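Number of protein chains: 2
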Amino acid sequence: MQIRFLAIVLFLIDGVARADEGMWLLNNLPRELLKKKYDFDLTDAWRDRAMRASIRFNNGGSGSFVSPNGLAITNHHIGSDSLQKLSSKDKDLYRDGFLAKTQDEELKCPDLELNVLQEIIDVTKEVQGAVKPDMKPAEALAARKAIMAKITKDSLAKTGLRSDIVTLYHGAQYHLYRYQKYTDVRLVFAPEHQIAFFGGDSDNFEYPRYNLDICFFRVYENGKPAKTPDFFKFSTVGPRDSDLVFVSGHPGTTNRLETLAKLERRRDVTLPYQLELLRYREALLTQYAEKGAEQRRWAQRDLFPVANARKALTGQYHGLLDPAIMNKKLEVEASLRPKELKPDADPWRVVEDLQDRRNAGLERAYYLFERGDGFDSRLFRIARHLVRLADELPKDDAKRLSEYRSSALESLKFQLVSPAPISKEYEQMKLTGSFYFLVEMYGVNNEMLSDIREQKSIPDRAHELIRDTKLDDVAVRKRLYDGGRKAIINSNDSLIVFARKMDAGARKLRQRHDELDEIQTQAYAEIAKIRFEKFGTSIAPDATFTLRLAFGTVQGYEEDGVKLGYTTTFKEMYARAKDQQYHEPFNLPKRWLDGKDKLDLDTPFNFVSTADTIGGNSGSPVLNRAGEFVGINFDRNRHGLVRNFVYTDHQARHISVHSRAVLEALGKLYGADGLVNELVGK
Amino acid sequence: MQIRFLAIVLFLIDGVARADEGMWLLNNLPRELLKKKYDFDLTDAWRDRAMRASIRFNNGGSGSFVSPNGLAITNHHIGSDSLQKLSSKDKDLYRDGFLAKTQDEELKCPDLELNVLQEIIDVTKEVQGAVKPDMKPAEALAARKAIMAKITKDSLAKTGLRSDIVTLYHGAQYHLYRYQKYTDVRLVFAPEHQIAFFGGDSDNFEYPRYNLDICFFRVYENGKPAKTPDFFKFSTVGPRDSDLVFVSGHPGTTNRLETLAKLERRRDVTLPYQLELLRYREALLTQYAEKGAEQRRWAQRDLFPVANARKALTGQYHGLLDPAIMNKKLEVEASLRPKELKPDADPWRVVEDLQDRRNAGLERAYYLFERGDGFDSRLFRIARHLVRLADELPKDDAKRLSEYRSSALESLKFQLVSPAPISKEYEQMKLTGSFYFLVEMYGVNNEMLSDIREQKSIPDRAHELIRDTKLDDVAVRKRLYDGGRKAIINSNDSLIVFARKMDAGARKLRQRHDELDEIQTQAYAEIAKIRFEKFGTSIAPDATFTLRLAFGTVQGYEEDGVKLGYTTTFKEMYARAKDQQYHEPFNLPKRWLDGKDKLDLDTPFNFVSTADTIGGNSGSPVLNRAGEFVGINFDRNRHGLVRNFVYTDHQARHISVHSRAVLEALGKLYGADGLVNELVGK
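Residue numbers (this note's numbering), protein chains in the order written: chain F, 41 to 722; chain Y, 41 to 722.
If you're looking for bench data, these hints aren't it; they were derived computationally from the structure. Errors might be hidden in some of the hints.
In this list, chains with the same sequence are indistinguishable; a pair is considered to hold if it fits within one copy or across any two.
[As the list claims (entries may be wrong)] Straight-line Cα separation of at most 16 angstroms, EDC-like style, residue types lysine to aspartate or glutamate; simulated pairs:
#, residue 1, residue 2
1, K331, D619
2, K129, D619
3, K172, D84
4, K264, D508
Bear in mind the structure is a predicted one, so any value in this text is a computation, not a measurement.
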């Protein structure tokens with residue numbers, strides 16, 4: 041166990057990534073490195089297609105176009121949100137799968153938005169120029185917000201494209217990203233949940249794996265399949281051992297450039313809280329799911345993300361508790377941090393001091409009351425948005441909370457008026473559960489809690505809040521949205537009244553949090569300057585759920601003396617299911633049990649590579665040198681869980697479905713010949 | 041929801057229990073009340089048989105003799121510990137059940153000890169007399185420990201019976217309990233886990249229910265079935281609506297006489313911690329169980345107790361968060377607490393102050409390091425006992441930690457040298473998990489943790505501790521036990537060395553905890569005096585896992601407008617299983633699916649009564665006026681979860697298996713004719 045971290049450290053100690061580390065910006069790719077190490081010329085054409093054929097799924101994943109007619113592939117676990125919203129008591133697409141035999145049968149998703157990056161513009165100078173050296177944190181924050189709002193608003197007006205500013209290197213760079221947006225997205229194919237997630241939570245973040253974690257959608261424009269000339273051709277061969285591969289996707293968050301003080305804070309305060317929350321929610325949902333089939337159907341939609349996060353964050357937490365990792369992080373920081381800085385001009389010290397000022401109580405309150413951990417209900421989130429929109433929309437764009445800026449409004453409204461069904465029974469269970477969690481975390485004697493309870497018991501209060509709201513009706517939401525401030529003030533809808541009552545307190549926490557964040561942003565910008573002087577942009581910035589390109593080689597690894605190959609096969613999956621006596625979560629769908637003889641059992645199923653991925657990369661296409669689609673990333677192994685903090689390729693791998701497995705299963709088990717023909721370009 | 045608590049309060053407001061409240065001491069039964077309310081004469085003969093036919097299962101439950109030849113019945117979930125210890129990879133008695141067709145086939149349990157109460161002696165005067173008014177807490181504690189050790193040691197020497205002193209009314213009374221002890225206990229019958237716990241965690245603490253939660257053992261003496269002339273005759277009729285019934289068992293803990301300050305402490309500190317621990321363990325075990333069949337078999341033994349406690353404590357916590365309950369507890373306390381007491385002579389104030397002095401950090405440290413929440417491993421517990429025995433046995437009985445007094449030694453050694461199998465893989469998983477929990481709760485920067493980790497990663501450290509111990513070998517344990525202090529000091533067994541290293545710190549916490557406890561004991565004794573002046577022993581003392589008699593009437597109740605009958609039937613169970621699509625935990629055993637037609641489907645299966653029970657009552661016989669066995673208690677419904685703090689019979693019920701269901705299933709599904717004949721006295 042010790043050795044692997046010593047190995048890692050060699051790459052880190054001088055701060056330069058020499059292994060396959062890096063989630064690279066599309067406008068700053070490591071071309072020299074790729075040429076030198078892999079003799080690969082990354083051309084502009086290759087890059088541009090990778091950019092325009094890669095898709096961001098706004099519910100937290102990645103995907104790509106795999107035909108010129110708008111056909112998109114992602115993971116089943118990324119498509120699952122839509123699968124569940126398209127399901128009903130009598131038709132469970134999430135559990136049983138779906139195939140549209142013709143385009144007419146493709147099912148329109150109620151609120152799925154896809155973004156495709158078109159252009160990146162460096163706006164660092166404009167953003168940084170707006171903040172003057174003599175400004176106080178609150179002023180600097182306001183100035184930065186104002187310039188960013190202006191840039192995105194102008195960009196939207198000029199191009200009609202969704203325009204976001206991405207903060208890179210913790211504030212050392214700001215880039216404007218322009219996206220093509222698709223909101224008419226239709227379901228084409230999904231396999232059964234049991235084959236998409238064979239092995240369940242037990243095998244999640246493990247390898248060897250056997251998951252057909254895929255799902256196909258098609259994007260439409262004006263009622264017709266969109267033309268998508270930039271797409272990835274599906275390889276009928278797939279990757280082989282030692283191949284160079286690329287992963288083009290949207291890694292969510294990494295913390296590799298954070299200071300040691302911040303990492304310690306994560307270890308001592310943030311992660312223990314998060315893990316408590318996740319374990320609490322998982323237990324709540326699991327217990328609810330046991331009540332019956334319909335309850336299970338509802339709870340499923342939240343269970344996977346919660347269990348998945350619990351496992352990922354547990355891995356992060358355990359990584360930060362490993363003395364080998366922390367000692368080496370300490371060495372890296374010592375080598376970067378100048379000794380001659382005065383205490384009050386030392387940005388590392390500023391970050392350190394902030395961890396005290398942002399005490400554990402404030403942090404929890406922020407999570408519970410503002411992030412909404414204490415109000416876990418879709419209906420409440422709708423109510424809060426409506427209440428805040430009424431307050432925010434009359435303001436100047438620059439003075440709004442960032443999620444209500446003009447550039448974000450269209451996507452937000454798309455979500456708000458989604459016709460996806462809502463279960464009041466389910467909402468009430470979740471709201472009751474999160475009120476109890478709030479009390480458990482925050483205690484019973486505080487003002488905001490009294491405001492919530494109104495001297496009633498928690499179950500009674502949650503019950504009346506959900507019973508007396510009409511926000512499950514889309515027409516009611518539309519009326520309140522359109523009616524603006526007056527409609528909100530006059531509304532006696534239980535959740536609108538409740539969200540208004542909670543808002544002053546929550547906003548205060550938000551303000552305090554954002555001001556402290558601003559101080560941290562400025563300190564990190566200082567640190568970034570020092571790092572830039574040393575390394576320039578030869579280190580990739582931390583992940584920001586924006587498009588990045590990673591690369592690596594397809595290769596197996598050794599674990600406890602056992603050599604694990606670079607792929608698994610269908611045959612090995614059947615053996616594992618039998619070995620586990622087909623007990624859930626190793627119970628294969630009937631189609632797979634009955635259809636075993638139809639398959640070439642030696643077909644490679646899942647494979648691993650060293651490329652640098654993290655959560656958010658789910659659904660990313662894996663490409664070969666020719667830019668062909670050779671697989672789809674869906675997970676990483678447990679050795680990769682520490683990659684939030686440090687890259688390692690000793691044992692750490694990301695895991696993908698092999699392109700041959702996709703074609704074999706679609707053709708031989710699902711009778712999806714039309715889909716196969718579209719993929720292989722017949 | 042509000043109404044039920046208003047109703048409760050009427051019984052509490054003057055402090056006298058008028059409903060069927062009370063877990064009564066066998067030497068202080070409410071004979072007048074029973075005569076007046078139910079026209080029932082509780083004779084000495086009835087009482088004596090109830091006492092000598094009732095059994096305490098030392099792993100936390102109750103049971104009773106149901107034949108003159110040592111045949112004992114308890115719940116499946118109480119027998120499960122033995123079922124699992126008697127199982128192996130190839131033969132899972134817990135899952136599949138067991139029937140000894142003849143006495144030769146009865147299986148000897150590795151470490152099951154049963155206690156049967158023979159006599160109660162009031163020793164209040166002796167114990168209280170040993171504590172002088174001018175003693176400091178530490179001195180008073182020592183004096184009380186000394187006199188209690190002397191009394192139990194003398195009693196053991198005189199009678200040969202297991203002798204324990206029970207502290208009642210938080211120290212207002214001390215009684216000496218003498219038990220017949222049985223250690224040769226053999227398994228006779230168990231049904232499949234799926235019918236014993238049909239509905240699983242989902243239906244746990246719910247009603248209607250359909251559980252055959254039974255298990256039969258036989259006690260042996262000198263290799264032959266013991267003669268048990270005091271036993272309960274099995275009723276072939278069972279209870280009917282509105283019948284008066286009695287529950288004779290061992291309720292574990294109630295907190296009804298605790299002060300408001302102490303209850304608030306439970307609410308704000310103790311219960312949130314306990315719930316975190318339980319949820320953490322449940323997640324750990326569930327995840328481990330998913331890895332495969334053998335892992336599932338090991339994890340099962342801990343999963344039920346953990347999930348059960350999680351549900352029970354959640355109910356307690358939610359009860360304490362209900363303003364209706366706390367407000368009324370406040371009223372009760374105000375009516376009892378004299379206004380003229382000076383602050384320093386006010387025992388309520390003393391208890392309140394103690395909650396501050398016993399701060400949350402100290403409390404957690406005590407739980408983690410001394411109670412052992414941070415070292416959850418059977419092998420570690422064995423190591424700690426061996427280390428402490430070596431230190432304690434050379435001391436005077438009076439100066440030992442209570443669990444090592446002469447009177448307790450025989451039972452302790454019985455456990456220590458148990459040949460029950462131990463899985464090192466399972467132990468390592470649990471120890472790793474609890475080390476991580478310890479860090480999560482207590483932080484990473486403290487001395488005891490450094491001592492644990494020795495600068496290694498937690499998994500590495502737990503791995504080497506388990507790998508390098510030989511305590512899974514019974515012979516090694518015996519040698520260390522017999523070798524005493526010298527053997528322990530010279531041992532280089534990894535866990536012995538580790539337990540020694542931890543011991544000084546843990547003992548310090550224990551000492552501090554016990555001293556504060558002594559102050560609390562004295563304050564409660566003061567409060568008890570005030571309560572005694574008002575009510576005498578007309579209120580039963582809080583539960584202490586000793587024999588108590590409760591009474592009540594068999595009756596259904598209404599919930600959400602639905603009338604629930606006093607019994608369920610086999611027919612209703614089959615309907616529920618079908619309704620839940622036989623999905624786990626509603627998957628009936630094959631025997632029950634195939635054998636449906638053999639059964640009289642109208643047989644009453646489970647029934648409810650108002651009698652006052654709590655955890656520890658599992659397996660208690662339910663008796664009719666004639667003292668016949670009409671059922672076996674196994675649970676209470678969720679309305680009964682607040683009974684830790686307050687008795688209510690509005691909706692709150694305990695749940696039992698009907699005696700007719702037992703006979704019907706044994707005879708028609710299990711072919712257990714011999715057992716049926718023995719029960720009905722043929």
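Outcome of the hint check:
1. K331 x D619: Answer is between; shortest inter-copy Cα gap is 11 angstroms, intra-copy 29 angstroms.
2. K129 x D619: between (33 angstroms within a copy, 14 angstroms between copies)
3. K172 x D84: neither (37 angstroms within a copy, 92 angstroms between copies)
4. K264 x D508: Neither: 41 angstroms inside a chain and 68 angstroms across chains, both beyond 16 angstroms.
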